[in-house]
Amino acid sequence: MSNVKNVVLCGVGGQGTILASKILSYALIEAGYDVKMSEIHGMSQRGGSVTTQVRYGDKVYSPIIGKGSADVLVAFEKMEALRYLDDVKVDGGVVIINDHAIQSLPTLQGMAQYPEDCIDRVKEKNADTRVIKATKIAGELGNEKAANVVLLGATVKALGLEGMDWDAALEACVKPAFVEMNKKAFRAGLEA
Amino acid sequence: MAKNLMTGNEAVARGLYEAGVAFASAYPGTPSTEILENVAEKYKDSITCEWAPNEKVAFEAAVGASFVGGRSFAAMKHVGLNVAADPLLTFAYTGVNGGMCFVSADDPGLHSSQNEQDNRFYARMGKFIMLEPSDSQEAKDMAVMGYELSERFDSPVMLRMTTRVCHSKSLVEFGEVQEPKKKEYVKNRAKFDPVPAMAKGMHAAVEKRWAKLLEYTEECPLNREEWHTDGVGIVSAGAAYQYAREVYGDKASYFKCGMTSPMPIESIRKFAAKVKKLYVVEELEPYMEDLLRAAGIECTGKALVPIEGELNPDIVRKALTGEVVPTMEYDKSVVPGRPPMLCAGCPHVGLFYELGKIKDVIAIGDIGCYALSGNPPLNAKDFALCMGSGFSMAHGAAKIMTKFGEKKKIVGVVGDSTFFHTGMNSMLDAVYNHSDVTLIVVDNRITGMTGHQENPGSGYTITGEHAYPADIEGVARAFGMTEIYKVNPMDLEATRKALKAAIEYEGPSLVITRYPCALKKRSPEDKAEFGTDRTPYQIDAEACIGCKSCLRLGCPAISFDAAAKKANIDRVACAGCGVCAQVCPKKAMGKVGG
Chain A
1 MSNVKNVVLC
11 GVGGQGTILA
21 SKILSYALIE
31 AGYDVKMSEI
41 HGMSQRGGSV
51 TTQVRYGDKV
61 YSPIIGKGSA
71 DVLVAFEKME
81 ALRYLDDVKV
91 DGGVVIINDH
101 AIQSLPTLQG
111 MAQYPEDCID
121 RVKEKNADTR
131 VIKATKIAGE
141 LGNEKAANVV
151 LLGATVKALG
161 LEGMDWDAAL
171 EACVKPAFVE
181 MNKKAFRAGL
191 EA
Chain B
1 MAKNLMTGNE
11 AVARGLYEAG
21 VAFASAYPGT
31 PSTEILENVA
41 EKYKDSITCE
51 WAPNEKVAFE
61 AAVGASFVGG
71 RSFAAMKHVG
81 LNVAADPLLT
91 FAYTGVNGGM
101 CFVSADDPGL
111 HSSQNEQDNR
121 FYARMGKFIM
131 LEPSDSQEAK
141 DMAVMGYELS
151 ERFDSPVMLR
161 MTTRVCHSKS
171 LVEFGEVQEP
181 KKKEYVKNRA
191 KFDPVPAMAK
201 GMHAAVEKRW
211 AKLLEYTEEC
221 PLNREEWHTD
231 GVGIVSAGAA
241 YQYAREVYGD
251 KASYFKCGMT
261 SPMPIESIRK
271 FAAKVKKLYV
281 VEELEPYMED
291 LLRAAGIECT
301 GKALVPIEGE
311 LNPDIVRKAL
321 TGEVVPTMEY
331 DKSVVPGRPP
341 MLCAGCPHVG
351 LFYELGKIKD
361 VIAIGDIGCY
371 ALSGNPPLNA
381 KDFALCMGSG
391 FSMAHGAAKI
401 MTKFGEKKKI
411 VGVVGDSTFF
421 HTGMNSMLDA
431 VYNHSDVTLI
441 VVDNRITGMT
451 GHQENPGSGY
461 TITGEHAYPA
471 DIEGVARAFG
481 MTEIYKVNPM
491 DLEATRKALK
501 AAIEYEGPSL
511 VITRYPCALK
521 KRSPEDKAEF
531 GTDRTPYQID
541 AEACIGCKSC
551 LRLGCPAISF
561 DAAAKKANID
571 RVACAGCGVC
581 AQVCPKKAMG
591 KVGG
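Taken in order, these protein sequences are the chains called A and B.
Just so you know, we're using the numbering used here here: the first sequence kicks off at 1 and counts up by one.
Just so you know, we're using the numbering used here here: the second sequence kicks off at 1 and counts up by one.
Hints should not be assumed to be uniformly reliable.
[What the hints assert, rightly or not] Covered by chain A, according to a simulated footprint, are these stretches of chain B (three or more residues, beta-carbon under 8 Å):
{"hint": "1", "segment": "311-323"}
{"hint": "2", "segment": "337-351"}
{"hint": "3", "segment": "394-406"}
[Stated by the list, open to error] Simulated crosslink set (DSS-like; lysine-lysine; CA at most 27 Å straight-line):
{"hint": "4", "chain 1": "B", "residue 1": "K566", "chain 2": "B", "residue 2": "K497"}
{"hint": "5", "chain 1": "A", "residue 1": "K67", "chain 2": "A", "residue 2": "K183"}
{"hint": "6", "chain 1": "B", "residue 1": "K566", "chain 2": "A", "residue 2": "K5"}
{"hint": "7", "chain 1": "B", "residue 1": "K127", "chain 2": "B", "residue 2": "K302"}
{"hint": "8", "chain 1": "B", "residue 1": "K270", "chain 2": "A", "residue 2": "K78"}
{"hint": "9", "chain 1": "A", "residue 1": "K67", "chain 2": "B", "residue 2": "K318"}
{"hint": "10", "chain 1": "B", "residue 1": "K521", "chain 2": "B", "residue 2": "K42"}
{"hint": "11", "chain 1": "B", "residue 1": "K332", "chain 2": "A", "residue 2": "K123"}
{"hint": "12", "chain 1": "B", "residue 1": "K3", "chain 2": "A", "residue 2": "K59"}
{"hint": "13", "chain 1": "A", "residue 1": "K125", "chain 2": "B", "residue 2": "K318"}
{"hint": "14", "chain 1": "A", "residue 1": "K67", "chain 2": "A", "residue 2": "K123"}
{"hint": "15", "chain 1": "A", "residue 1": "K136", "chain 2": "A", "residue 2": "K67"}
{"hint": "16", "chain 1": "A", "residue 1": "K5", "chain 2": "B", "residue 2": "K42"}
{"hint": "17", "chain 1": "A", "residue 1": "K145", "chain 2": "B", "residue 2": "K520"}
{"hint": "18", "chain 1": "A", "residue 1": "K5", "chain 2": "B", "residue 2": "K277"}
{"hint": "19", "chain 1": "B", "residue 1": "K302", "chain 2": "A", "residue 2": "K67"}
{"hint": "20", "chain 1": "B", "residue 1": "K318", "chain 2": "A", "residue 2": "K157"}
{"hint": "21", "chain 1": "B", "residue 1": "K566", "chain 2": "B", "residue 2": "K591"}
{"hint": "22", "chain 1": "B", "residue 1": "K270", "chain 2": "B", "residue 2": "K251"}
Derived from the structure by calculation, the hints contain no laboratory data.
Backbone N, C-alpha and C fix where the C-beta goes; we use that ideal spot for every residue, glycine too.
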């Protein structure tokens, strides 16, 4: 099972982590991998912290991984990168961070400070940390919501999967009206 | 054959379709909800599917369908099976005509539940068949096989799923689809009518069935040995099997149980004799372990594997091998929590904001998004228990307060779907028994927390057909409730006045707050009644005095800039409900462009 790769996507309910996981999984299956993906529904939809996990390889057993096992952590919100940093492998893990902040209830209420230095704190611990202004890039392309696909592009690059058929995966998973925009977003992520 | 990436829930829906199921019913409950949603979306031409008001009703409808000869299905979350336990445990006596399977979706780790009970014990109590899938392929296959076993052994079949199996996606290969068929119904009271005289015979039949099942489980292909080594042997089932497999790979041998009621004790005895050390890896209670021990098979399970919470590969690895995967050490305390919160524009906010301000009230809640109303800053709810309990607990509490002359008044709160679930019975209890209690139905025109399922009050069925929108006020009047206030909870003054009058009234009173969930896709009827204006609000920074009154709503669209000492509204997040404009003492909020 040494060839199994683990990807953790974290963010805030409504940011499109699940769609990004779906596109990733779709392309992996088409490429012939065994894939397992895990997500949790329910209360987490209400503005809570959300994670999905995608595992792929020749044969995958558990749909979830434990701490210290992620090859790539993709944080759709920058504070979440720090929350889930201990998911990442101690040696050789990649952390991709969207340089974008979403307040949580305690910070909105002024009961806690938003950790503005969270990216620096991640960099201090993890050598390969890649910061991307995905929300800004997606906004410039026409829709901030496509930040998830910009981040997907960056994830694909980190995993070395650029050669797979991503156009087909986007066409299969994204509503027709948004396909072209998302293809641009994906390429922007690859190049970021 | 093409493989499809599916959740366990999608896979079960597919399995029902392949098995020729004719009728399916459920009450929504995380993590089971998407089973019926998938049936309605993909297979409604083949399977008649419905939301029922509660799990007992769903289960009984499925039993009725089975008795007259159709293959039938019911789904529920683990606590929902408590509601349906009454029909279940007698259906276990009668057995089936058309095959009947049901899903009990347990929630180890309490991702979205009030407890983490282990429903495998129901199968033991009722002496019926239980199958435990560990991934989506098994969920699909076991659903199909479940119907064959149900009819062959004349037994209900419980598909015991867990959150991780329901919501994880893995690859599924489809099988052939059987057309729904109806078996003949022949009147047979000795089989189908459990009056005492008949039920005695049925109990005898249960024992005979159990004896046959004890033989069958030993040869059932779902129970299998995976042999690698004679060092460590692991007995496991469900998601836990995948974790054990992940940790040990080919360095252990496995006894994988797919049929766990009854347990294949003798096959495991043979397996145990071949390995040096036998572990039982299972989530929650020592269900399998206790049965093995009772049969004299020496094993180690809960002495090492935690009984609380959800397992994962790390927990299993640490428990059995003592090994820990190294992780980065850092100060996590600088990361503030991100708890779930009521949405911007949530109609519950206005009600709980006003309720939270009232002194000398004990507010008893229920199961729904409004469970969050106990958290800061609303701090309104005192406690809750289970579906429908908001009204009945309030009634009991009110009786005690009255009896002992305490001046605190009792308020019970349930949602619209919760009212139709079991809240109706509880309201009847309060009115019938002369309670001095205020009951509130927070009617947001949908079943909200589970992701917007229609309910008897919403005016639509699961397949989008129109239905009569059941009238909460009419039900209350029929029960004898006379003191009734209907308010729009976005109007704080009206809400405040209604609450005051209802709480002051000596006797049972009812407040109905009616406004659609902020995330609901509004129906034509909603649009006609509530409009479509969602123009966001903004704050005039000069008028804002930084008093933080608006922060007491806990609205995710409102933040406070500590440096400028001013509140801000995020225009993208704002739903335009205007509740904040009503709490601002300086009238600093106004509609954008208004």
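- Task: Hint by hint, work out which the structure violates, then give me just those numbers in ascending order.
- Result: Those not satisfied are hints 3, 4, 5, 6, 8, 15, 16, 18, 20.
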